[in-house]
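Trainee: Each chain, written out:
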Amino acid sequence: MHLKDYIDLYTLLKGDLSTRQERRTFGLAHEALTSRPLSLLKAWVDEKMRTRQTEQAGEKVAHLLYHTTLWLTLLAFVTGIFSGIGLLSYNGHAPVNLIYFLALVVLLPLVTMTLALLSMLRAKRARNTLVHLSPAYLMERMALFFTKKEDLLTQVEINPMLLNWIVIQRSQLLALAFSVGLLLALLGVVATRDVAFAWSTTLQIDAAAFHRFLEFVALPWRSWLPTAVPSLELVEQSQYYRLGGTLSKEMIEHAAALGAWWKFLAMATLFYAVLLRALFYLLATWGLKRALKKATLALEGAEELLRDMTEPFITTSSMEKTQRGDVVKKGYGRIQEALKLHYDVIQGWAIPSQQLSLLCEVMEVSAPVCVEVGGNNTLEEDQHIVAQSSGEVLLFVKAWEPPTMDLMDYLEALSRQAESVTVVPVGTEHTEYKPKESDQAVWTDMIAKADLSKVWIT
Amino acid sequence: MKQTETKHPVFAVVGHPNKGKSAIVSSLAMDDSIAVSNIPGTTYRRQSYPLKVDGKIIYELYDTPGFQRARQVLAWLKSHDVSADRRHEVVQAFLNTHRDDSRFHDEVELLTPIMEGAGIIYVVDASKPYGEECEAEMEILRWTGQPSMALINHIDKEDYSAEWKRALGGYFQIIRTYNPMQTDMHQQIAILESMAQLREEWTVQVKASIEFFLHYREQMLERSAAAITRLMHQALSHVERLALASENANEDDKARLKERYKAYLRTEERTTQAEIERIWHHEHLHAEITPMGFEQMDLFSEESASVFGLTRKELLISGATTGAVTGAGVDLLFGGATFLLGGAIGAVVGGVGAYVAFDELSEVKLLGKRLGKRYLEMGPMQNRNFPYILLGRILYYTVMVAARSHAKRDSLTIAMDSTFKERWLDEKVQKSLEKYHKQWRSGKGMDDEMLKSYEALIEKILKKLMEEL
Ligand SMILES: Nc1nc2c(ncn2[C@@H]2O[C@H](COP(=O)(O)OP(=O)(O)OP(=O)(O)O)[C@@H](O)[C@H]2O)c(=O)[nH]1
Ligand SMILES: [Mg+2]
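From first to last, the protein sequence lines stand for chains A and B.
The opening residue of the first sequence carries number 0 in numbering that gives the first Met the number 0; numbering runs sequentially from there.
The opening residue of the second sequence carries number 0 in numbering that gives the first Met the number 0; numbering runs sequentially from there.
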């Protein structure tokens, strides 16, 4: 995962319309990556980017950042060289005060590395002043400003934590380049000229104390490279009092010995400015990598994308959506308000005769013939009943049972035979045989739909 | 009969019209798009609802139209009487002969999947007395020779299941009761287990489907927790900016900014509700009743605060209010002077909660020039009570949607329940929530790990709420 992929993922997720199914298909095709979310995301980005022709934001931003880094690094390197040469230049009047150089290769790195460590610990903070004060950040801002590329970075919202780490890592790189420049300058100057190193300070420090300090600085290499540690003697010899005006005789005598300082300075530069810094650079690189990972997973939609790709895609619904059957609702003209007392025939659709006679009693109707139709009758039996029916027929139906086509066939046959047929939907004994309104409506609709001329409904 | 071409188990839900076949399929298939209505003949074509995992069908469920001319079909079959072992051939012959006969359209539709190897799930409504008319239907089903079970549904309150069971016993070895209007995983599993028994070679796959259903449900819960987390994160850390035309902001600008800030929060809530509906496959809820339920109870209303918000005392306990509170802070906490008034309103509405004045959600800050413009800024959310209100509302909504049967077609009525808070928010939960709320309030942002752990917390709460149902 690189910054480019992060930005690409960010832009892709913003406009992504892929379905869960498509994502899962992709996930299944890359099943080996299931346990490595970042690789899976990267594979997804790669796949999506392959179909795009134009250069995407990720590419552009990564390109821009790469080039700014490159130029800034070169600049730092060159600055390092010139600073080194400047500090070590020997004007012939006064020897080179190595305290300046020491400050630049020991003190400055130690201070800035402490700051770097602090900003690493606080990298989560969105507006980290430490980071934003870093020269690397300011230089980059300026570089972006002068190249008129500032708006590119505003197009993509990069996670602030990630941005902080980018700046931190970049600072380490620039400092490293600067230090390497210094080291090269030192080596170059030492190789091409004879430099008389001396030390001088206004502070009341005697040679012994300074020596103890230097020994302390040289701690990392003291044991295995003793020649790169100045002896007390050398320290004494190279103390220089500007106020004294001229070089002491002693110093001139030992001019050759004074050059021995260079090994110490080179080791100090190598250790504090270069090696330690390189370590910090590695640390920052590791931190950036982690930040990139965290920022990627924190991208809006990334978690869902991963979930969609790695979880089994379960569906239970139908591919096609159901269509509803048409409901015809029209008024019906043949509605019987009240039942008569007598009918020629009373029939009960799937109502056994015992219940039917009970029903007749409750509804206070009577007829010479009371028979069950439908239900368990065979079709022949029903046909026979129809053939026998004449005059006014009352047909009880169970309101809660929906009218089937079987009944409608029967009704049609019956209406051809009888003078009139009155369909009476009845409820259960719970409701004292009164049908529920909704059931009644279903029956009325059904009878209306069939529209048989002699059929009435209550 | 055609031997099963497909390897996976297939079931056909059949029965008399209007007995809840489609309701049962909706519930088993968690599909709220199926036509369910009290008009008989609603379903007029067979339709398959496969359980698919990564494209592989685990089992298939068919919704079918009800029998319309069962006696006539049976008469036809009987007129071609053969010995019992060859009866299914007669049924097949019936299908072949009547495939284009509109009179037997429904019967052809429902018998086709059965003759292609589907197991039969015969649905009856035991809230109505037993009726003889179903005997022809059961007889036809017996002729198909396919394994079968009966499912007893209760559309109304009355219960005639004793007589139904006696009658069904003559035709079916397995008789189960099922309530499609209930979302109960145990019920669903029990039915699947019965279905697994229908045919030996199906057992493994149908049992596997139980695992998938459990997994599916887990996914839905996880995704809901993720959606809720997203909502909380977006809403609470949101910063609304208003570019100013002039150097100074007037009251109008401030009011405009506040309105926009609120509108953003409302939209976020609604979007998440829709997401929850989608996760639980209740999309039609969205289409039918848009700003559903909470319509009368706006996010920033007094009712909402009193039902879902915390009382002053609870806020103190949670640690939400420790530390120095100065100036506008007091107002942000409780709504300042309106607090007392609010207490009274809260009591009237039925809650015991403190009422929070929502004029004070967050401070309005005037920002310096940025890209040459002056900005007014509001956010992130400073009000201590608002997170609880927002979270309470979305949790409540999620539980309502998740507990809703896919067979329901009426609109979802949200009966406001002021005891809801007590069901999920105890002191411990409140303390852990407050940690996150504080982080959002600070504007420091949250990293992925913190969001993940918040999500886990929400999921735990959701599970607890769902279990209680
Ligand atoms: N209260 C309640 N109502 C139910 C239940 N089952 C079904 N219903 C209602 O009964 C009516 C009929 O349900 P459907 O599922 O459409 O019946 P169906 O058997 O598919 O009907 P057709 O497709 O017309 O053959 C609908 O209004 C459902 O809401 C139940 O268990 N409880
Ligand atoms: Mg149906």
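FYI, nobody ran anything at the bench for these hints, they're computed from the structure.
It is possible that part of the hints are untrue.
Claimed, not checked - Straight-line Cα separation of at most 30 Å, BS3-like style, residue types lysine-lysine; simulated pairs:
{"#": "1", "chain 1": "B", "residue 1": "Lys55", "chain 2": "A", "residue 2": "Lys293"}
{"#": "2", "chain 1": "B", "residue 1": "Lys437", "chain 2": "A", "residue 2": "Lys13"}
{"#": "3", "chain 1": "A", "residue 1": "Lys3", "chain 2": "B", "residue 2": "Lys427"}
{"#": "4", "chain 1": "A", "residue 1": "Lys293", "chain 2": "B", "residue 2": "Lys427"}
{"#": "5", "chain 1": "B", "residue 1": "Lys459", "chain 2": "A", "residue 2": "Lys293"}
{"#": "6", "chain 1": "B", "residue 1": "Lys430", "chain 2": "B", "residue 2": "Lys462"}
{"#": "7", "chain 1": "A", "residue 1": "Lys453", "chain 2": "A", "residue 2": "Lys339"}
{"#": "8", "chain 1": "A", "residue 1": "Lys123", "chain 2": "B", "residue 2": "Lys127"}
{"#": "9", "chain 1": "A", "residue 1": "Lys3", "chain 2": "B", "residue 2": "Lys443"}
{"#": "10", "chain 1": "B", "residue 1": "Lys451", "chain 2": "A", "residue 2": "Lys435"}
{"#": "11", "chain 1": "B", "residue 1": "Lys257", "chain 2": "B", "residue 2": "Lys434"}
{"#": "12", "chain 1": "A", "residue 1": "Lys13", "chain 2": "B", "residue 2": "Lys443"}
{"#": "13", "chain 1": "A", "residue 1": "Lys123", "chain 2": "B", "residue 2": "Lys55"}
{"#": "14", "chain 1": "B", "residue 1": "Lys451", "chain 2": "A", "residue 2": "Lys292"}
{"#": "15", "chain 1": "B", "residue 1": "Lys55", "chain 2": "A", "residue 2": "Lys47"}
{"#": "16", "chain 1": "A", "residue 1": "Lys123", "chain 2": "B", "residue 2": "Lys451"}
{"#": "17", "chain 1": "B", "residue 1": "Lys430", "chain 2": "A", "residue 2": "Lys288"}
{"#": "18", "chain 1": "A", "residue 1": "Lys123", "chain 2": "A", "residue 2": "Lys59"}
{"#": "19", "chain 1": "B", "residue 1": "Lys437", "chain 2": "A", "residue 2": "Lys292"}
{"#": "20", "chain 1": "B", "residue 1": "Lys437", "chain 2": "A", "residue 2": "Lys123"}
{"#": "21", "chain 1": "A", "residue 1": "Lys123", "chain 2": "B", "residue 2": "Lys459"}
{"#": "22", "chain 1": "A", "residue 1": "Lys433", "chain 2": "B", "residue 2": "Lys257"}
{"#": "23", "chain 1": "B", "residue 1": "Lys407", "chain 2": "A", "residue 2": "Lys448"}
{"#": "24", "chain 1": "A", "residue 1": "Lys47", "chain 2": "B", "residue 2": "Lys206"}
{"#": "25", "chain 1": "B", "residue 1": "Lys443", "chain 2": "A", "residue 2": "Lys41"}
{"#": "26", "chain 1": "A", "residue 1": "Lys13", "chain 2": "B", "residue 2": "Lys451"}
{"#": "27", "chain 1": "B", "residue 1": "Lys451", "chain 2": "A", "residue 2": "Lys288"}
{"#": "28", "chain 1": "A", "residue 1": "Lys41", "chain 2": "B", "residue 2": "Lys55"}
{"#": "29", "chain 1": "A", "residue 1": "Lys433", "chain 2": "B", "residue 2": "Lys127"}
{"#": "30", "chain 1": "A", "residue 1": "Lys292", "chain 2": "B", "residue 2": "Lys127"}
{"#": "31", "chain 1": "B", "residue 1": "Lys407", "chain 2": "A", "residue 2": "Lys292"}
{"#": "32", "chain 1": "B", "residue 1": "Lys462", "chain 2": "A", "residue 2": "Lys288"}
Computed from a prediction, not measured in an experiment: that's the story for all the values here.
Trainee: Are any of the numbered hints broken by this structure? If so, which, sorted upward?
Mentor: 1, 3, 8, 10, 13, 17, 22, 24, 30, 31 and 32
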